[in-house]
Amino acid sequence: MAQFKDDPEKLPWLGRKLMLFDDKKNVDRLVYGLYALCALLFLADFFYKKKYYISAENFPGFYALYGFFACVVLVLCAKVLRRFLMRDEGFYAPQDTESEDHPDHDLGKESHYD
Amino acid sequence: MIDVLPPFTLYLLGALLLPFLPKGHVRGLLTIVVPVVGAWWIWSAPEGLHGQMTWMGLEMVWMRVDKLAVVFGLVFSLAAFLAALYAWHLRDTVQQVATLLYAGSAIGAVFAGDLVTLFLFWEGTAIASVFLIWARRTEGAYATGMRYLVIQISSGVILLGGLVLQYHDTGSIAFEAMTLGSLGTWAIFLSFGIKCAFPLLHDWLQDAYPAATVTGTVVLSAFTTKLAVYALARGFPGTEILIYIGAVMALFPFVYALIENDLRRVMVYSLNIQLGYMVVGVGIGTELALNGAAAHAFTGILYKALLFMGLGAVLFRTGTAKASELGGLYKTMPVTMVLCVIGAASISAFPLFSGFISKSLILSAAAHEHHNIVWAMLLAASAGALIHTGIKIPYFAFFGADSGKRPKEAPAHMLLAMGLTAALCIGLGVFPSVLYDMLPYEVDYDVYTTTHVITQLQLLLFSALGFALLMKAGIFPMPQRSVTLSSDWTYRKAGPAVVWYVGLAVRASWRGTSGLIAKLYADFIKAMHASAGPDGARAANWPTGAMVMNIAILLGIVLVVIFVS
Amino acid sequence: MAGDVEIREVAMTLHAQLPALQIVVPFMTAPLIVFFGKRETAWWLAFLSCSVSLVISYLLLMQVIGGGFISYQMGGWAPPLGIEYRIDAANGLILFLISLVATITMPFAYRSIQAEITRSHTLFYACLMLCFTGLMGMVITGDAFNVFVFLEVSSLSTYVLVAMGAERDKRALTAAFDYLILGTIGATFFVIGIGFLYMATGTLNMADLADRIQGQESSRTVRAGFAFIVVGLGLKAAMVPLHLWLPRAYTYAPSAVTVFLAATATKASIYVMLRFMFSVYQPEFVFHTNVLQILFIPLALLAMFGGSFVAVFQTDMKRMLAYSSIGQIGYMLLGIAMLNQSGVSATMVHMFNHGITKAVLFMGVGAFVLRAGSSFYDNIGGLGRKMPVTGAVIVIGGLSLIGIPGTAGFVSKWLLVQAAFENDMWPIALLIVLSSLLAVIYVWRVFEVIYLQAPNEWSEASDPPMTMLVPMIILAVACVYFGIFTDLSLGAAGTAAEALLNGSFGMAEPSLDTSALPLDVPHGAGDAGADATGGDH
Amino acid sequence: MARAMRARMQPGETTDMETFTAIILSMVIPLVAMFASMALPKQDNLRDGITFVCAVATFAVVLVILSNVGGGSTAAVELIEVLPGVSLAFNVEPLGLMFALIASGLWILTHIYGVGYMRGNNEKNHARFFACFSAAISGVMGIAFSANMFTLFLFYEFLTVSTYPLVAHKGTPEAVSGARTYLSILMGTSIALLLTAVIWTYALTGTLDFTKGGIMQGKASGWIVPVLLGLYAFGIGKAALMPFHRWLPAAMVAPTPVSALLHAVAVVKAGVFTMLKVGVYIFGIDFLAETGASEWLMWLAAYSIIAASVVAMCQDNLKKRLAYSTVSQLSYITLGVALATDMGALGGGMHIAMHAMGKITLFMCAGSIYVAYHRTEVSQLSGLGRAMPITFAAFCIGAISIIGLPPMGGSWSKFLLMVGAVDAGQQLMIVVLMASSLLNVAYLMPIVAKGFFMAGDDKVPTGFAEAPLFCWLPPAITAFGCLVLFVFAGEIQTFLAGMVN
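Protein chains in written order, with our numbering: chain A, 220 to 333; chain B, 586 to 1150; chain C, 5 to 541; chain D, 34 to 534.
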């Protein structure tokens, strides 16, 4: 991730703090935290009385599983469909903004390394 | 007296005044003040019908104030205010005037008590908004704007046709709840559907909004589609077909949102999905569902605006909003990133964020009415929203592969606008009753129940888990410079090609025919010239003998005729 | 107020002699001109005589415009034996036209002739007066043989007049010679026809003929007479396909002659044809109707289209106008063939309207010839801008020729189309308007030539002298006047048509009380005029 | 002459001499301007000043008529009886009065514009130009106040002839050939078809007077009615119904003020005005509805609306594009007649006003662009909007009105036409009108968008560089007029209602 070296002096305060994500381990920790949170939430289903309108809701961990599989299935669908739907960026050019740069008059480009 | 004038007049005055003010902050101030005054105006307007007049035999109502209209009117004012703040740096008269007129038209349409008034403002939004796209001043934006305009205006003229038919059928132009059945109502429905980006009628949305200017997209995202939702809620509450339309709308753009490269376009797909929720809500039509639709429109406008502002800020600083070109901005634009994450959390409907309090209303309404499949679809869409918007946008813009871009933080006024919006997102999430009290119907709904919070977190975090795993496995589709085919292919590629070939054929046959006619004509003239021209037989000096011959023949014929009689 | 009474008596006496004076005045002018032999005097005499004729014809027309007729017995011999002049609305209108055109042509002719003919001007004016007399006589007389006599008078003088163009273009001689041969054949046919009629009835007075011919429908002699008369007069009237003499005669004759002939000569022949068809022969005769329907309609259409097509392609404006005349004669014949009130009115009024229209156009050409020496399109290009008044006059005449509303030509075209519709012959109505489109083309071509083409070496040209200009302007104004105020032209034509279709030349109706002064006849009021027919003569 | 000035009273109608005098004046004053123009070929300012005064006076006279008559109608005053039962006669009725108001009012603006254009563009022969212009206005006034078809036909032809020199004004081979097309089609159709129709009508009914409810009832039936209507519809070439529309684009060789007034207001409107008059006062709306004779015309008008729009889309020349747009828009009015409903006729009538105001704006803007930058093609307009913001803003407003969008006048006439279509049970016509709106967007808005938002070539100035004042002020005023018409559409409708029931 860090093929570009940043000079902390030039970064805003919050940016300097966030430099900790430059370290891949911290990112991994975040992911592990997510796993743990998921596990906890799944278990939580067994500790309260669910109020439901549709019977499937009452299935333990229904939302968790549904969320997970819905997401995976949809992504896989997207992955497959992408093969058919994707076209070159200039496909509609020049009738399209996709193929052109955003004009400078609308921008206020400023970089930290100017 | 002033409070019963349609608030549109205020915006109109502002728009007329603006070009005469000195360029710079005075104009910016005007664009900020107008929505504020407008909001107060709306807030203080007494309920009921105002500005009634009979005109050309039509009973027009310029200002119908009820809770449904007020909630939309207020959120539109709010959006106009935030957008104006966000656009404080803008020095483009056209955009400023267009913004005022656009917002004013949208608000005018919301308070329209009859179909004709609605039509007037409906077209007003179409015309005013296109300038926000053209203001990008590039060839692509010009073409996109033309497509956008044609579609928007087609919605308008279909509305006009529908209202004429409706007027003929019922003798009234009142804008009340209608039942689908007659041609007129179907036309009106279709007209609303176009602006609401129903499936297959939706491509203008994805086409146009990312093509607008940095500030233009923020403005665009607020009004047109929400106005359509309002119109559906007003005109077709409880129309069953809307449930299914909405469910499809909520689900299918997922695929596109996931593979789309331009993040502002991803946002538009997401917008489309959110509209799906609202449409379902309108379709269910119970008090809970309609409240849900209104509330979702309200919160949706805010968090959409927030995200568009965030992406706008990125675009403003880097010159691109494409996922493939971005990444690693979190260090140099950390505030923007945080605010974006707030927006993402809102759209993903994390508890304590605004999306949660409105989306839940609709989901619950679907469950209460036992639209099981629709409910399941919405739930899946909800899970998907986290992926394609909640995670994808912040991830690819601010984290992800480092693009090496080190832009400066967004300007202060942008941050201020985003900050205010983010505060509203959280505020509404924490204090839902503020919003619930504004809704058209009495709300008897507790959003923060244990079940609700836990199930929602399960749903969201497990989809996040799915994302994490898919990323790890390298299955998640990574951004790539590309465009995605959609139904607009029919009118952007296939249609023109067909027209081109038909035109070719028509031209060829026309040339052939006209050439033939021209040749026949020339031949005729030639023949006439040969016979009647100065050297022709008919004009020649005939010898006397020939004349005498003629006399003899004619005499013979006359005699024959006479004697045969 | 004895003086008043005396004057009134003299006036009344004169008034009663008007029909005779109508012919005698111009007839006597011709020898007088030769007698005095001076150019100036000749012109004045001719002009005065024509003017007097014009006044007389106007007075006569005013008497008969509401209906009825005036019968005048030459030398006091009662009609069947003596020669009778008989005036009703039909020939009243034509008399008025001929004398009007003659009077207006005179000033025009003065300078035009000076430019085109170097010598024998007195002879020219004498011939013109003879021709004028002949045409007036053909129209006014009620005696069939007398018609022939006057026909020959006018024809012979016409041959001479046409031949006078030889000074400018030698082809005028052959044109005149051709015309002589053909005209003689036509006149001969006519006289043969009259001979047949005389054989069958024993009379030459037309009213008497009309009476005696009743019940002789099946007589072969009567029928053959009809054929000869129609063909003979058809030739003089330049009916297609007997028109071939006309273009050359009109083209090569001196401009003034062309103006006069084009406006009057063929009209007089058509009038005589109408007379014989409707007043001598009866419209009820079956063969009569057949000839009109089977022969006249196609021939008229042929003339309308054929003549116009040739006109479209012409490169000489004078010749173009000549061919246009052939087409216009088609309209007149078609009106006759419609055999209804509107149709015959259309013919009558078109004779009048077309007369003044063509006169103005030929005058315009005459002015061009005066300035540019020729009437070819190549030579007159751009002259409209150099000669603005002439150009404007030609525009008005052209518009009238097309039949643009507000001009005289429009009125007659309207009636003709209306006549076709009244007969339910709507294809013919369409053909009429289509042929008038051809008129648009050939007229517009002239406009473009004289206005849009670049002027060539005669670019110093300017409008002709006043003597030519004033007649042109008067006629142009008349073209517009008679397109809007139609009481005179259409009033007379309507009355004439009604009378003709009723076969009113018979003896049944009383003639006009000539003692009624024209001043007492309310002008243009049709019903009031009719009251004057009540008296007995 | 004996029958001069005889009024024919119909129940409920009034006549007063002041109104009659005003009618005559409205035709005479432009003629005064014409003679003044011809008499003063050199004194430019004096001549143009006199014409301006005459234009204002004409408008004032028409306003006098308006204040006298209001939305009612007066009896016909006969001047001369030309043929038995056919006379030169004038009267005032709502439609004609509206037409006269538009034409005379816009004449003032167009005159100002014309002066600016002709001088700014160094055109020649100003005197002839303005003389013919004034003559044409006189003809228009005559058409507007005609009390019968004959009088109308007379002035119709007068208008054709008087505008011919205007079209051919430049005198180039192109102009001459364009003018020839112009004349041959207008003259040809009117002489061949319209005149036939008029005479046929006369032969059938014995009258040509414009009568409320028509004159055909009981006089014509069967195949004659549609055929007769066809003769009228095609005969009125000025209405530019396809396939007799070619003269309109051909006439675009004329200087722009001519295109503006004559081909957006006077000539073409005279055509559709005649069409409306024929439909409403000769055939009668109810009669057309009963016989169904106009159904084919409706389809033809619909075709004309769509096809002309498509052709307009393919034109790169701005004026040609506008010309085809006019062809399309004129067919709206024809469609209004052909629908054979009161609302359709009203919508058609109103569209005369709305389209006039919108189209004259567009033409004048096109002319301003030409005067300022000598650009004629749409593809050359990129970036000009920033140099000429007033012109392009006016163009935008005019375009919106033509498209039929609020808040411009054009939206109301379209609305009424749609109502008329539904009343006639012709829902498909609504679709046609909708499609036409979209096509209008497609060919008009690119001009605005390119002008304002696309980068121009290097000859386009970046700063403010408008056309002369006389060139941009009139279109700005008419653009404002489009807005005003939107607000006062109700009044126009009430005003016109007198022509139906």
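Among the hints, erroneous ones may be present.
Listed next, the in silico DSSO-like pairs over lysine-lysine satisfying Cα-Cα at most 27 Å (straight line) [as the list claims (entries may be wrong)]:
hint : chain 1 : residue 1 : chain 2 : residue 2
1    : A       : K224      : A       : K236
2    : A       : K236      : A       : K298
3    : B       : K993      : A       : K328
4    : B       : K1057     : A       : K224
5    : A       : K229      : A       : K243
6    : A       : K298      : B       : K1078
7    : A       : K229      : A       : K298
8    : D       : K157      : C       : K390
9    : A       : K224      : A       : K298
10   : A       : K268      : A       : K243
11   : D       : K353      : D       : K245
12   : B       : K608      : A       : K236
13   : D       : K252      : D       : K203
14   : D       : K353      : D       : K203
15   : A       : K229      : B       : K1078
16   : A       : K298      : A       : K328
17   : A       : K298      : B       : K608
18   : D       : K75       : D       : K353
19   : D       : K203      : D       : K75
20   : D       : K157      : D       : K75
21   : A       : K236      : B       : K1078
22   : A       : K244      : A       : K268
23   : B       : K608      : A       : K328
24   : B       : K993      : A       : K243
25   : A       : K243      : B       : K608
26   : D       : K252      : C       : K390
27   : B       : K1057     : A       : K244
28   : C       : K390      : D       : K353
29   : A       : K224      : B       : K1078
Calculated directly from the structure, the hints in this document are not laboratory data.
Status of each hint after checking the structure:
Our distance criterion of 27 Å between C-alpha atoms is met by K224 of chain A and K236 of chain A, whose separation comes to about 15 Å. Proposed proximity of K236 of chain A and K298 of chain A is contradicted: the alpha carbons are some 36 Å apart, above 27 Å. Note on K993 of chain B and K328 of chain A: the hinted pairing holds, with a Cα-Cα distance of about 8 Å set against a maximum of 27 Å. Pair hint K1057 of chain B plus K224 of chain A holds up; C-alpha atoms about 25 Å apart against a cutoff of 27 Å.
About 22 Å separates the Cα atoms of K229 of chain A and K243 of chain A, which keeps this hinted pair within 27 Å; it holds. About 24 Å separates the Cα atoms of K298 of chain A and K1078 of chain B, which keeps this hinted pair within 27 Å; it holds. A threshold of 27 Å between alpha carbons decides the hint, and for K229 of chain A with K298 of chain A the separation of about 40 Å lies outside it, so the pair is violated. Restraint check for K157 of chain D and K390 of chain C: satisfied, since their Cα atoms lie roughly 18 Å apart, inside the 27 Å limit.
At most 27 Å may separate the alpha-carbon atoms for a hinted pair to count; K224 of chain A and K298 of chain A exceed this at roughly 33 Å. A hinted pair counts as satisfied when its Cα atoms are at most 27 Å apart, and K268 of chain A with K243 of chain A does not qualify at roughly 40 Å. Pair hint K353 of chain D plus K245 of chain D does not hold up; C-alpha atoms about 38 Å apart against a cutoff of 27 Å. At roughly 40 Å between alpha-carbon atoms, K608 of chain B and K236 of chain A are farther apart than 27 Å, so this suggested pair is violated.
Pair hint K252 of chain D plus K203 of chain D does not hold up; C-alpha atoms about 48 Å apart against a cutoff of 27 Å. Straight-line distance between C-alpha atoms of K353 of chain D and K203 of chain D comes to about 17 Å, which keeps the hinted pair within the 27 Å bound. Of the supplied pair hints, the one linking K229 of chain A and K1078 of chain B is violated, its CA atoms being roughly 48 Å apart against a limit of 27 Å. Of the pairs offered as hints, the one joining K298 of chain A and K328 of chain A is violated, with about 34 Å between alpha carbons and a cut-off of 27 Å exceeded.
Annotation: proposed proximity of K298 of chain A to K608 of chain B is violated, straight-line Cα distance about 49 Å (limit 27 Å). Annotation: proposed proximity of K75 of chain D to K353 of chain D is violated, straight-line Cα distance about 33 Å (limit 27 Å). Annotation: proposed proximity of K203 of chain D to K75 of chain D holds, straight-line Cα distance about 19 Å (limit 27 Å). Distance restraint check for K157 of chain D and K75 of chain D: the Cα-Cα separation of roughly 11 Å lies within the 27 Å cut-off, and the hinted pair is therefore satisfied.
Our distance criterion of 27 Å between C-alpha atoms is broken by K236 of chain A and K1078 of chain B, whose separation comes to about 49 Å. Of the supplied pair hints, the one linking K244 of chain A and K268 of chain A is violated, its CA atoms being roughly 38 Å apart against a limit of 27 Å. At most 27 Å may separate the alpha-carbon atoms for a hinted pair to count; K608 of chain B and K328 of chain A meet this at roughly 22 Å. Proposed proximity of K993 of chain B and K243 of chain A is supported: the alpha carbons are some 24 Å apart, at most 27 Å.
Simply put, K243 of chain A and K608 of chain B have alpha-carbon atoms about 49 Å apart, too far for the 27 Å limit, and the pair is violated. Between the alpha carbons of K252 of chain D and K390 of chain C the distance comes to roughly 53 Å, so the proposed pair goes past 27 Å and is violated. The straight-line distance between the Cα atoms of K1057 of chain B and K244 of chain A is roughly 15 Å, inside the 27 Å bound, and the hint therefore holds. Our distance criterion of 27 Å between C-alpha atoms is broken by K390 of chain C and K353 of chain D, whose separation comes to about 35 Å.
This hinted pair does not check out: K224 of chain A and K1078 of chain B have alpha carbons roughly 45 Å apart, beyond 27 Å.
Hint compliance for this structure: hints 2, 7, 9, 10, 11, 12, 13, 15, 16, 17, 18, 21, 22, 25, 26, 28, 29 are not met, and every other hint is.
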